[in-house]
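> Sequence:
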Amino acid sequence: MAKCSGHWRFLGAAMAMVATPFAYAQEATQAINFQTYAPKATATRIQGTQAPVIDGDLSDAVWAQAPVIDNFYQIEPVVGGKPRFRTEARILYDADYLYVAFRALDDEPDKIMRASMKRDGEIWKDDAVRITIDPQNTGRHGYTFEIGSGGVRWDALVENNSNTISEWNTIWHGHSRVDAQGWSAEIAIPFKSISFDPSQSSWGMNMGRSIRRYDEPVRWANISNSVGYYDMGKAGRLEGLSGLSQGLGLDVQVLGTTNYVYQWDNPRQGDLTFEPSANLYYKITPSLTGTLTLNTDFSDAPLDARQVNTGRFGLFIPESRDFFLQDASLFEFGGNGLRNSQNGRPFFSRNIGITDFGVADIIAGGKLSGSIAGHNVAGLFVKTAGITGFTAEKTLGAARIARPIFGDSQIGAIFTFGDPSDDEDNYLGGFDVQLRNDTILPGRKLNADFYFARSSNDDIQGDAFGFEVASYEDDLAWWLNGKYLGENYDPALGFVNRTDFQRVYGGVRYRVRPKDSWIRFYQFETGGESIWSTNGDFEGRDVWGSTGLVTTRGDEFFMNVSSNLEVVPGAFNLPDGVLVPASRYDNWNVGLYAGSSRARWYAGNLNLDFGQIYGGDYFRAGITVDLRPSPYFSFEVRHDFQEFRLPGGSVRIHIDSARANINFTPDMTLTLQSEYDNISSEVGLSARYRWEFMPGHEVFGSLGHAANWEGRDFRSNTTTAGLRVGGTFRF
1 MAKCSGHWRF
11 LGAAMAMVAT
21 PFAYAQEATQ
31 AINFQTYAPK
41 ATATRIQGTQ
51 APVIDGDLSD
61 AVWAQAPVID
71 NFYQIEPVVG
81 GKPRFRTEAR
91 ILYDADYLYV
101 AFRALDDEPD
111 KIMRASMKRD
121 GEIWKDDAVR
131 ITIDPQNTGR
141 HGYTFEIGSG
151 GVRWDALVEN
161 NSNTISEWNT
171 IWHGHSRVDA
181 QGWSAEIAIP
191 FKSISFDPSQ
201 SSWGMNMGRS
211 IRRYDEPVRW
221 ANISNSVGYY
231 DMGKAGRLEG
241 LSGLSQGLGL
251 DVQVLGTTNY
261 VYQWDNPRQG
271 DLTFEPSANL
281 YYKITPSLTG
291 TLTLNTDFSD
301 APLDARQVNT
311 GRFGLFIPES
321 RDFFLQDASL
331 FEFGGNGLRN
341 SQNGRPFFSR
351 NIGITDFGVA
361 DIIAGGKLSG
371 SIAGHNVAGL
381 FVKTAGITGF
391 TAEKTLGAAR
401 IARPIFGDSQ
411 IGAIFTFGDP
421 SDDEDNYLGG
431 FDVQLRNDTI
441 LPGRKLNADF
451 YFARSSNDDI
461 QGDAFGFEVA
471 SYEDDLAWWL
481 NGKYLGENYD
491 PALGFVNRTD
501 FQRVYGGVRY
511 RVRPKDSWIR
521 FYQFETGGES
531 IWSTNGDFEG
541 RDVWGSTGLV
551 TTRGDEFFMN
561 VSSNLEVVPG
571 AFNLPDGVLV
581 PASRYDNWNV
591 GLYAGSSRAR
601 WYAGNLNLDF
611 GQIYGGDYFR
621 AGITVDLRPS
631 PYFSFEVRHD
641 FQEFRLPGGS
651 VRIHIDSARA
661 NINFTPDMTL
671 TLQSEYDNIS
681 SEVGLSARYR
691 WEFMPGHEVF
701 GSLGHAANWE
711 GRDFRSNTTT
721 AGLRVGGTFR
731 F
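Under my numbering, residues 1 to 731 are what the sequence shown spells out, in order.
Simulated from the structure, these hints should not be mistaken for lab results.
Owing to the predicted nature of the structure, the values given are computational and were not obtained by experimental measurement.
Heads up, a few of these hints could be off.
Quick list of in silico lysine-lysine cross-link-like pairs, DSS-like style, CA-CA up to 27 angstroms [said to hold, decoys possible]:
#, residue 1, residue 2
1, K82, K111
2, K111, K515
3, K40, K82
4, K82, K515
Ranges of calculated distance between the beta carbons of each label pair, as one might list FRET restraints [claimed, not checked]:
#, residue 1, residue 2, range
5, V725, I372, 34 to 42 angstroms
6, E88, Y282, 32 to 40 angstroms
7, E88, W518, 26 to 34 angstroms
8, G270, Q47, 55 to 63 angstroms
Note that the Cβ used here is the ideal one computed from N, Cα and C, for glycine as well.
Working from the sequences, and respecting the hints, build out all of it.
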């Protein structure tokens, strides 16, 4: 059993970078064909009594039993080049844990970037190491476990070889420390925390390191700018695994939450409640998990970012509740056609429990996720409480099945039932094909995705379908996709903010990486789209072009110019009631972006947009300032300003937010947050304290205050306080 105890900086002067000939990055890799390169590593079996102490110190004698893995290569600035600093990894395992040790050598340890220690913090800003595994050999999905030099731990689900769902959390152990030779890290991953195929002795795997002050990523596999680090279809192999145990495969999570709500307009009606809740996770097989939730608690879900809608269609807000994020990648449908444009998604778990009429408590729910006979499966069944005066109790569900074909391609189907906001029945069925091929275009990967879905509500049916054909290579990328949403397409458990249209969209991007330059790369991109109603009536088109560059330090500069023709079929209002009449509008826009490297303890970015819209003028300015003077404290402030001056009126929109993180230890944090916008005049203040006193066991406290602020009038509405204590017990 594992025992527990207790990232990137400024590169330096540009002249020093130019003077460096990069000889360190170009040695002795000429003989390797990285297009076919597929490294392998062997995990060494040990006894549980020999397990290393997970404290970041690699002096445990047991590590000497594992062979050194040191074949890491640069991705930037030279693909396949020799890294500036040596990286070593070792892998052990026993019946219960996978153990990974990293030694990240560095000639200047005092310059190692380590500005974060908060769990699930901004690890990409620090020096970090990571291991990513595909225990079910899907070639598409997996788990990533990452740790920074300052102690920040970050875990996520890998979805479809590119997306990471960072809201997902599980129990694992990790510690790091900086010393005179650089820094080191130890990781222990319980087999109880992941799903795997017990019949397989090897898994897909990749490992990597970020040397942040030089903006230098290095990897063990996927040695290409055109293949993402998380692409499990091109990953290496971890071999030698056998005799893995998940015990009884039962996790029982018990939670008790006390909440107090104080209404300032009715001070005598304070509401104090106590709510117990429980989640049970059972490994039916090592690769198939069943989940049962009772009186589900979502008090620790992150706050939604403040948004103001300035368009005709509704906004998309991502899911952030842990119960729905467990194995969420298995519900992914449609490929890039839906991933890059959310409208039309057949299943969107945020609709469960969060309705147009308010929040509906989840009485009970069940879930099945994992792999059966080579098929990836996911099923969800939930019973929600009614909302007085609006909806009755609801039974809602979704199911997804996908089968790998032709390597890392897949074919699948999806089904949903139930309507969280209406008493009518609602059903949806659909299928998709996601193809990946690297032989049709020599040296380049071709993606081809297609999906079809049909919703049914009483006697009304509606269809949706889409496709994308694309090749996303580093030097040259191109894409062509189309989408059709019928007028009656209505997936009650999906996300739709516009129907009755068909759209074709395409683009191309060309990127150049000059040698021995302060420029990492510069690029040119152009594209366009056209939109019609399903009857063929023209509704709009957009043509755009952009150019920009990224420096070797990680600073970014981009410019975008677009011309847009939009047909508005019916009048609508912008915030503050500014009228946009039905008409045909010729719009144009110029956008400028500048962002500083995250390799410094201070960073920021600036967005400027201006142009003509809806017969008038538009201007937007957004600025973000991020300060991280130490691993114990970080502060971020954002301001977004938008102004519309139209024939129907004018409006100015201000959105402000500030956030401070106080990190006492990697397992104890206090987050303070404030948000305001002048359209709703609502102010939100929150404080959230989290202490994971042992893996899987934590204390969570929250304090919130909601108010209205108009001019000099500040009026408090609601104050809330909550305390939750819970733990996960494994059998």
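> Taking only the CA atoms, is the gap from K82 to K515 under or equal to 27 angstroms?
Holds. K82 to K515 sits at ~15 angstroms (cutoff 27 angstroms).
> Has the given pair, K40 with K82, been kept, meaning a C-alpha gap of at most 27 angstroms?
Holds: K40 and K82 sit about 19 angstroms apart, inside 27 angstroms.
> With respect to the beta-carbon atoms only, verify the hint that E88 and Y282 lie 32 to 40 angstroms apart.
38 angstroms, holds
> A range of 26 to 34 angstroms was offered for this pair. Does it hold for the Cβ distance of E88 and W518?
The hint (26 to 34 angstroms, Cβ to Cβ) holds, given that E88 and W518 are roughly 31 angstroms apart.
> Is the hinted pair K82 and K111 satisfied, with a Cα-Cα distance of at most 27 angstroms?
Answer holds: K82 to K111 is near 20 angstroms, not above 27 angstroms.
> May I ask you to test the hint 34 to 42 angstroms on the CB atoms belonging to V725 and I372?
At 36 angstroms between Cβs, range holds.
> K111 and K515 were given as a pair; does the straight-line alpha-carbon distance stay at or below 27 angstroms?
26 angstroms, holds
> Is the hinted range of 55 to 63 angstroms satisfied by the C-beta distance from G270 to Q47?
With Cβ atoms ~57 angstroms apart, the hint holds.
Going through the hint list in order, the structure satisfies each hint without exception.
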